[in-house]
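Chains X and F, in that order, are what the protein sequence lines are. Heads up: the first sequence is residues 1 to 1175, going by the UniProt record's numbering. Heads up: the second sequence is residues 1 to 189, going by the UniProt record's numbering.
The set of hints was computed from the structure by calculation and includes no laboratory data. Quick caveat, the model's predicted, so the values are computed rather than measured. Beta carbons: idealized from backbone N, C-alpha and C, even for Gly. Take these hints with a grain of salt, some might be off.
What the hints assert, rightly or not - Covered, in the sense of this in silico footprint (three residues per stretch, anywhere, with C-beta under 8 Å from a C-beta of chain F), are these stretches of chain X: (1) 94-108; (2) 162-175.
Unchecked claim - Below, a sample of chain F positions facing chain X; criterion: calculated Cβ distance under 8 Å: (3) Met-1; (4) Pro-14; (5) Gln-28; (6) Asn-45; (7) Leu-87; (8) Ile-110; (9) Phe-111; (10) His-117; (11) Tyr-118; (12) Met-125; (13) Thr-132; (14) Glu-136; (15) Leu-147.
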Amino acid sequence: MALTKLKGNLERILDKNLADLVRGIRNNKENEVKYIAQCIEEIKAELKQENIAVKANAVAKLSYLQMIGYDISWAGFNIIEVMSSNKFTFKRIGYLAASQSFHQDTEVLMLTTNMIRKDLSSQNQYDAGVTLSGLACFINQDLARDLANDLMTLLSSTKPYIRKKAVLLMYKVFLSFPDALRPAFPRLKEKLEDPDPGVQSAAVNVICELARKNPKNYLSLAPIFFKLMTSSTNNWMLIKIIKLFGALTPLEPRLGKKLIEPLTNLIHSTSAMSLLYECINTVIAVLISISTGMPSHSASIQLCVQKLRILIEDSDQNLKYLGLLAMSKILKTHPKSVQAHKDLILLCLDDKDESIRLRALDLLYGMVSKKNLMEIVKKLMVHMDRAEGTQYRDELLSKIIEICSQDNYHFITSFEWYISVLVDLSRMEGLRQGHVVASQLMDVTIRVPAIRPFSVEQMALLLETSSGFAVRGITGQVAFSSMCEVLYAAAWICGEFASHLKEPEAVLECVLKSKVTVLPGHIQAVFIHNLMKLYAHILRKASTTEEKERARQTLSVLQERLTPFMQSADLEVQERASTAVHVLKVISKLQDAGEADVVNELMQLFQGELNPVAPKAQRKVPLPDGLDLDAWINEPEPESDDEPKADKGSLDIFYKTSTSMSDFRDGYQGESVYEETEHMQSEDVRQSAARQQVRREALRVEQANNPHYLKASSQARRSPSASSQLLSPASEEIPVMSINLSVPLQVSTSKKLSDKYLELERSKEASSDSKKHRSKRDKKKKKKKDSSDEEETVQIVAPQVISTMELPEGARLSDSEDDGRPQTDPHRALNIDLDTPSYPKEKPVMRASLEPAMSTPPTKIKKSKSKNGIEGSKEEKARRKKTKQEKEEKVASSKGVNLNDDLDFWLSASNGNESKEKKVVTKTEMTVEETATSDPKKPVKNKKEKKEKKEKKSKKEKREKKDTQDRDEQNNHLSENTTTRSKMIHSMNFNVVDSANARLCRGQHEQDGVELPHQLAGQSRVEIPLAFAVMDSTMVHQLRGVLTYMTQGENGSVSEKLDFKLQIPCSVFLASDPMSNDQFAEILASQELPGKAKILCEGIPLTQALDRASRELNMRLVEMDSSGTSASLYSRHLSDHHLCILMKSQADGRLSIYGKSSHPSLASSVIEELRQMFA
Amino acid sequence: MIKAILVFNNHGKPRLSKFYQYFNEDMQQQIVRETFQLVSKRDDNVCNFLEGGSLIGGSDYKLIYRHYATLYFVFCVDSSESELGILDLIQVFVETLDRCFENVCELDLIFHVDKVHYILNELVMGGMVLETNMSEILSRIEDQNKLEKSEAGLISLKNVNLPNLPNIPQQIKDIKLPDLPQAIKDLKF
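The following block holds chain F by itself, in its conformation from the complex (with noise of 0.2 Å):
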């Protein structure tokens, strides 16, 4: 099981969270705060697995997480996840937002958090894995995103437009999707 999902920033700014057991916002903030304090200070050369955060469950449990550019996908799993499967589930994660968002970058999580929402909500369900094909994945929020569409005609444009980002910062820079070392890349499905 999965049993939190965490995006944030390398300055710990939170820019997804999931969690699939009940914390209030203020333990989800000091999850949050907690698990950047121990993945940041991780150099990028060391391991991506991360035994005991204290906040999130026991010895069972353990943070497994990846790095990419400014942003940290931290996935809390107890033991019945497969460590290495579930670097490639984030993996296939980000690779499914580069590709709805076209060069995803820090920006498009900020702004379309829900649209995040609705994506990882094809991926994993309850806390459980629900779909690891990105071609099914991509289908599915394809055929949503029509959906959407047909019943926009109805709505106001406004909720329809795509926000303009007139104060991007300029130093902010695509996230570049570093290449999968060899053993993740093997696994198909």
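This is chain X alone, in the form it adopts within the complex (with noise of 0.2 Å):
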């Protein structure tokens, strides 16, 4: 034995530790996978062994193997032993292992919850510490809920240390268990005021997270932040409350008022630059929240300028980055102020650090005036030129792009000179955002008419040298660049504009090439569709018999090329195709008829104009009454285990056109969508043009229909790899031409094609210049305002854009989306206005556990048939009153905790002339507050509650002590009513005729009643605790009692009674508890449910009645099923029985209810309770 024992010993010597371990690495670093995976065989085998020291070393070593990419989830089990172990080395060792590995979704962490919450309640600070740091790693949903109860109380801990631990643990508990954030809520705030200024600081950090997410139920905390900022030092702290305060202003811009002084001041008087910069970033969001209407703030947004500028101008490159970051927020609402700082900005493109020139790039948006747009393009031109990186590069093309197109067009005055920019910019090597240049190419030539001529001669010279997008990949197959998408617009402009060429058939040559099959398939396609565009422009031209002959010809030779791509892999390509190749053969032969109208009727396929369709049209199309978009067209066919197969065949043919089809989709939704009449009418040419053109308008119709049609998407991009891979197979066995280098560009690519116009801009702007100085000498003496503004001066005149875009009818484009947050992200649930009480629906859960029959409505008193008809009505009236009473109070103590309205007193202090409304509105609730206060019934009702609590605790001490049978304590709320309006009573006595199970808590005297020492004015009540003794909690117990009591009259006291019946049901015994799903399937399958009842209700939908059996009887919804018919509840009883409750709505509308219990009773009492509650 002790052999063993030594022999163990000396095993644990030779153990590696940590160090071993890593030393062990680095000396291995030719196979270190092999030594590493000798290493977890050693360290299983030392999780194998009882002693803690020797697992406590093995969880040490994983948490370095989880550090470079191990997967150490295995020892899930073992980390949770040591960080049981009661020494403080060992636990550390395996918190840090948990906080590494452990994830929400942990199974092991079911284990936890009663070690953690030992460790929580820890004597030693630091155990509790390590607890609380790992916690915060790794805690979920249960363990958030399980444990709130005990964060709570360690809000209130004695030690700094676990304090501020604590507090931002609570964070975490919010973010997995949202129901903690409205009981925890006050304590947070008071840790606000903590004499800790760590612990302060950290419910400031608490604060400003839950803030920044739903800054509006945090509104009412802004003076208690307001005091903070300007009396605490701690910059970090500073910092956060003023980030707060950001997020708080645009919300209340009368905070934003009382905050600017202060803020101005700060940044005054500050020396550390975070705090100035973060001060600068408040001040701005108040600006900008108060933009209207406030000429006075110019002071402060030039004092924010100008210390941004002093940033800027630093050497300090974060400075510089952060400037320019708080710059472009100005820049939204007062870009004048901006503006004036052109001079540095523009200084930052050329830093050397990216992240500045990004920053930079951001602000020229505002820059541009109708000046200097080509001057600051040119200069991104160049930028571009000489950048590394493609992603620098993309990010400066759409820069361009969208300086240029912002406003409509705004800015530009040359569209000539755009054009020449973006085919500049499709000239470019190494950028991945050709789609965002074509849908701009036909944006503009779209909606400036003026420009169509000018832009149709050079897509024509884009489609000539087309061989300039093809790069040879590495397999020597000719791949095209993304660019190449320039080409899908190019084609399509001509196409659609044909009338403005000069040389159609020469275009038709080039579209035809061979290499053209290379291209990605929507691609292809659009050529094709715009070939048969050109040839109808070509036929109609062709007057003569000379060129009658030649547009003969191309017909023949159109039909040939075409053929080809009848055979495309590409679905769009091979249907266009052939297609076309049917109508050219009907065409043909109506020409050898000697038809003579072809032209028109081929003309009318392409007739029409587009326009453009705003982006959000797809979704404003109303839904046609009576279309129910969820049901099936036709009945889904049942599943069958030979579909799949079948399936795959087709796969098998159309692998590729699923891609395709939805990159061509996805490509083109930049900006705006265009709808593209472009299905083929193949066989209708011979119709009428009329019958088209209710055709034409049937399928715009089908087409805005569509959902697959027209995407929204704005976001989508197509990724340059899948148009790679879109080349077709077939285009594989086709000869590729290799590139013909020696054809001459036309445009050549040292000098840019934009250039020319900067130059022609620059001499005019010279000639105006000097015009102007001229002008400038002779008017200075007459008028002094002529010169303030430059540019109005220069009239600069540019072509009219089009800016109507198409939507349904009724649809406006403004419409606003709501809120974008994702139905994942847990501050959703966050959402809680923490200034009322609580709602009716939610249940203080913290709580609940501990007293449940706080929440337990007061059980009700029956009264017997009174003798005096009279008096019973009277009675019935009191109630009435004093239920309307107990609202009011209800509102009145709601109100009073408001601090809404301490908030609107403390904004409005400043500045009176906006608050006298509010004061008066706050005098009314504060006297309604005062009368609630006075009202006694609180107080005694509080105190009572009190007594309940403990008095329930103590005797279920007691019971689990005895271990008697089953008896429990039901307090009863017993309201007296006063019967007469003016008469005083007195002298009451209570008393009940006890039960076999139940019997009235008097005290000594076990005959007499209870004697209640209250007199009663008239139209006042008292509530009165009165303890009852109940034997067996599962049933319903009815008792019958009467109340004696003298009425003061004016001719003495009479003596009267009243006789109740008193019901306890057996759902104030139940606590509900909070369960999971799988805890419930677990009860409901242990077969140890012998209590079953049944019962059918009318009239009461599912919703309601869930409602109300949770807020009544004290149930937990469990689980609802997605149709919303059936939901499971659950609820615990007292004596730790379970009670398991199934509603469902029957297909007649009545609710059937099942229940079922671990008691054999407990069901069918409480099932008897629902039905009385429905009935």
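Two independent chains are provided; combine them into the complex using the hints.
Spelled out as structure tokens, the structure:
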């Protein structure tokens, strides 16, 4: 025995510790994987040993391995073992490993709840500290729910170290378990004024995080934060608070006004750059929120901009970066102030730091004017030439386009220039934004009619040199760079506006080049379609016989060249090619037959003006009446085994089409979506024009309604790899022409096409400048005003841009979309209005587990038929009045706590005018509040509740000790009502006839009733707590009782009595314990539910039933099925019996309720109660 | 919120990784690699902020880093954190390490990654800044070390012994703390 122990010790000395492991890995660089595998084996052996020190050593090594990428989740259980050690050293190792490898879904976490609870309450603050730190990393919903109470207690720990950590952890608890927020919030608020600066800072931190996501709920804290801001010297906390104010000001402009002054002071006084920067940021936010009608704040803007300029001019790159970042925020609302610093920003464009250049680019957006646009774009183009890295280039490109296209091309004076810029851009190498350029080209050409001839000319040129887009791949196969997307636009523009073409035949020839087959499918498809447009145009132009002959030749060439496309692997290409070929056949037949009108028939195919469609048009199409989009058009086929086979067959044929189609759609969703009436109407040539128009219209509607046709996803982007993958397999067989580099490019690349416009502009400017100078001199004396705005004196006439967009009737472009937060965002659940005490639906979860009686309804008193009918009705009246009063009181008390009024007060303190109205409101509420607090009922009730709680607790404990029979206390809130208006009631005596199972706790005098020492004046009421002892809490008890009392009338006192029936339902003994689906299923499956009951109710919808059951009977919804027709509820009886309820709404509208319980009679009693409730 | 804290050396070898949002191990390694690639190609005289590592977070997130001799300290934070404040926090972290290890060098981090974690836990908890006051941090660490030592009497000596480091390559030099830019030094806690 001793020998084995010694042997064990020896082995332990031979164990590697963490440092040995690290050293070993460093020494085995060549076969690291093998070495680590060996180490893991050793670790596994160590984990099997009993000695906790060995285990801890092993777990420490695992944490290291986790860092270098090894999964250690298999050791979860061992980690927990080490965590549970009572030595701090090991515990810390365990919690570190857990924090590194555990996460929300780690299953072993289920086992940790009690251990963590124990650790949290440890006497040693560092045990608890380590636990808190670890918990912050792996807390999940279950842990958060189960430990929320324990953490709440830690919030008031005597040790600031623990308080600090507990406060921070609360944020994580809220994220996982939003119900905890409301009960914890008051305490969290207290922590804002904690004596320890660390705790204070932690509380600020948590509230800032909460408020960042749901700012409006925290507006009422503004005064506290304001106080902190003006009094604290902790820069870290100040930064947080100031950031928080930045988030709050948009909601409350008055707050902003109040903030400006202290913030400005801080800006002037602080020497810490970080604080200065955040102050500026918040001042900017304030200025944005009160930008309207606040001319007096221009001083603040000036101050901000000046300070920012200092930051930007600083040699510290970090400050420069942040300065630019803040500048871009000002730009949005006060562009003029920023424009003054144009020189500085342009300088930053040349900075060596890419981050800074990007920030400067953002600012450029606001720097441009009609005058300097060309200059700036030129500068950016030069940058693009020099820039390394595609990402920066792409950024530059999208910035150029953004700058130029902003505000409906407001700053562009020469669209010829802009088209040339786009063409230049399309010739740049290594860009991935071909589709953006393409959509710009199309947008400009469509919306600026004046530019069409020029644009068409340029596009024809582009098509001619299309080989420039080819890139020879590694395998020798020719691929196209993403810029070939431009060809799509080029072909489309040439086709659509063919009438502007000088030599349509030449273009036709270019488009027909055999190389075209290498292009992505959707481009080929557009090529083919536009070939038809081109041909239609050629045919129409051919008036002379000679030309007609040429057109006829073209026709045959077309037919011949298009045939190979019919075998394309791309479905779209195939379809269009075959349609085109057949249309051409028909045409040639008709021509042979001497039909003269064939030209017009063909032209009609492509008639109609195209308009841009607004970005959200698709979504705005109203749903036609009676159309149910969710209904099956055909019943879905029953699933069968051979289905996959058939599917597979079709997949083989169409395997590429799906990608190409979606690519095609997605690629052109840039700024606006073009509707194209290019579905082929193959055999319709002979149809009358009128009918065609109808069809076209129908098609348009169909396309608009087709969810696949237009998708409004603007972020969709074609990935470059996808386009190169699109090369059809067929194309590989076709011999590819090598790139003919000898073809002289008509546009020399050395000199940018767009440059000449810039030069032109410059010369123009120079001349106009000199002119202006002259005229200025002349006018100087006459008008000083003229010289104020240079831009306006230079008369620049830009071509007209069509800005209308097509939208369904009644829809507006600016309809706002709702809250963009994804459903999964945990912060959605934290959007809780913390100023109102609680919602009726919401239960104070944390307390519910302690005192279930709190949320139970007051026990009903059923009055026996009163002898005196009038008295009965009077009583009824009084009761009604009471409830009304109660309601009132509720409102009052909630208002009393409502800090919003305080906020109003606080906010309006400085500027009197606005606040008059508000003050009045506050006043009236204050009086209500007064009446509420002067009501004696409230404190009484609270005391009573406390007493009740204590009693219950002690009773519970007693019961556990003695293990006696099931016996419980039930406290009863009984409210007495005055029956007469003016008379005084006194000498009340309350008594019930005890039953076998339930009795009134009377104190010493067993037989007598309970004397109530109260006197009741008219119109008043009192609540008196009474205790009842119940032997069996799983059944309903009914007690008959009598209340005797004396009424003081004018002629002496008269004795009266009131009989009543008291029902003690068994639901008051239910506690709504949280229950997960799995646990619930487990209980149901356990077969230990002997109690069963069932009822059918009518006329109550499921949701309402659920609501009432959970509110009044203390049940908790476990699960509701997705269709909303059934739901299960759970509740735990105080005697630890389970109660499961299933509610199901039947087809006939009735609601069936099934109950099961682990106690035989519990289910039936509760179901009976439900029946009464829903009756 | 801080989403992740990474420390790696000039070759991208991770020396410390702390993720406050769950990623599996492969993803963690990938993030470290990508972050290293982003950070390492930047000159030392450019700004310390970096937008958009694609793996961690979206547009709301920033990488804020500092480069000390052979090590990069990278914090990935969202917009609720002050950029300059985080830079300062990194400085506090490194200075604390320097005090705890007495002239900290990369090797300290290599062999005592657990201790580095414990130190970090006193600064940041669950992605939120816990403490920025260095003397407070140091006293907490000191207390815990004492606690550990008092327990160590009962445990095998082996766990207490500092590992002797025989095979330290000579070329690895101590991390020298560079002078703080004046702007940040002003931030007092």
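Against the earlier hints, flag every one the structure doesn't satisfy and list their numbers going up. Per hint list: zero violations.
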